[in-house]
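Q: In the working numbering, the protein residues as written are 159 to 475.
Calculated directly from the structure, the hints in this document are not laboratory data.
Zero decoy hints are in this set.
Derived lysine to aspartate or glutamate pairs resembling EDC-like cross-links, with alpha carbons at most 16 angstroms apart:
(1) LYS216 - GLU197
(2) LYS299 - GLU232
(3) LYS194 - GLU246
(4) LYS313 - ASP203
(5) LYS313 - GLU204
(6) LYS216 - ASP284
(7) LYS250 - ASP284
(8) LYS279 - GLU204
(9) LYS216 - GLU246
(10) LYS279 - GLU210
FRET-style restraints, in silico, Cβ to Cβ:
(11) GLY277 - ARG321: 19 to 29 angstroms
(12) SER288 - ARG321: 16 to 26 angstroms
(13) PRO295 - VAL176: 49 to 59 angstroms
(14) ALA338 - THR273: 48 to 58 angstroms
(15) GLU197 - PRO297: 17 to 27 angstroms
Glycine included, each C-beta is placed from N, C-alpha and C at the ideal position.
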Amino acid sequence: MAVGTNRWKLGLFVILGVAIAIGALLLLGAKALSQKTVEFVSFFDESVQGLELGSPVKFRGVTVGRVAQIDIAENLRHVQVTSQLSVEQVGKLRLAVKENGSKLHPDMRVQLAQTGITGVKFLLIDFFDSASNPVVPLPFKPPPNYIPTASSTMKNLEDSVTRTANRFPEIADDAARAVAQVRLVAEQIQAGKLPERGAETLSHANDALRELNAQLKAVNAAQLSSETEKNLKEFNGVLVRTNALLTRLDSEQGLFRNAERSADAIGEVARNARSLGPELELTLREIRGAARSIKRFADELERDPDMLLKGRAKGAP
Numbered sequence: 159m160a161v162g163t164n165r166w167k168l169g170l171f172v173i174l175g176v177a178i179a180i181g182a183l184l185l186l187g188a189k190a191l192s193q194k195t196v197e198f199v200s201f202f203d204e205s206v207q208g209l210e211l212g213s214p215v216k217f218r219g220v221t222v223g224r225v226a227q228i229d230i231a232e233n234l235r236h237v238q239v240t241s242q243l244s245v246e247q248v249g250k251l252r253l254a255v256k257e258n259g260s261k262l263h264p265d266m267r268v269q270l271a272q273t274g275i276t277g278v279k280f281l282l283i284d285f286f287d288s289a290s291n292p293v294v295p296l297p298f299k300p301p302p303n304y305i306p307t308a309s310s311t312m313k314n315l316e317d318s319v320t321r322t323a324n325r326f327p328e329i330a331d332d333a334a335r336a337v338a339q340v341r342l343v344a345e346q347i348q349a350g351k352l353p354e355r356g357a358e359t360l361s362h363a364n365d366a367l368r369e370l371n372a373q374l375k376a377v378n379a380a381q382l383s384s385e386t387e388k389n390l391k392e393f394n395g396v397l398v399r400t401n402a403l404l405t406r407l408d409s410e411q412g413l414f415r416n417a418e419r420s421a422d423a424i425g426e427v428a429r430n431a432r433s434l435g436p437e438l439e440l441t442l443r444e445i446r447g448a449a450r451s452i453k454r455f456a457d458e459l460e461r462d463p464d465m466l467l468k469g470r471a472k473g474a475p
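Please construct the entire structure, taking both the sequences and the accompanying hints into account.
A: What follows is the structure in structure tokens.
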């Protein structure tokens, strides 16, 4: 009797557990179906391996929707991913949905991300620098509610590794040229016996330093200091005499003052001479006339020496 009762209780517990699980699933499904969503489309120019239907769409770690569709784009190059975002989250992200498309922030992008190195992939909505992540124009007209994409971290890493690998031949050529130049320099050094000459130069430098050290030790520092002090005193005396001479020259009776007064006197004489100009010119004309009269008298006296005794001849001028 006890064994039958225990089996009945166990069966009832299993049935109730299954019923509760089914009810929870129906409740969650109904809630998900009743939730209003808005579709947004993005086009990825890279592999979306690991992204599945129902993968979460997150904004900085906060789930805002899920992946609803993954398909190949019409240009057979891009991968079209359709995401369903809840209306509530769309309002928080300020994605103004209109008939002609969605009004997005110019820095908003969708990126393919993953949790860890080998984790589950999901879509990440975030703000990226437009300069380093510009909007790449599509070869076809994008549908409404289009969100541009940004390259994933793995794709950027792969591109960087590819560019570096492509430069390996150039790097190898540069390394080979550098090694050849080093070998050439080494050969020139060996041919010119530069190590031996360098050792000889260092030996001469050591000898010169030893000789200089000996000369410095032989210098009488006390005598040198006394001679320096004596020279400084003589130089100080010369400066004192020079200052006295300059003071005398600049004094009231000095050369500079006398020269200044002489210049003033010469200027005064010049001004007075300028005022006497007309009178001096008249005097000079009278002197010139008297000189002509004396010359005529001398000429007549030379022609007639006896003129002073006999008087002027009649008819003479």
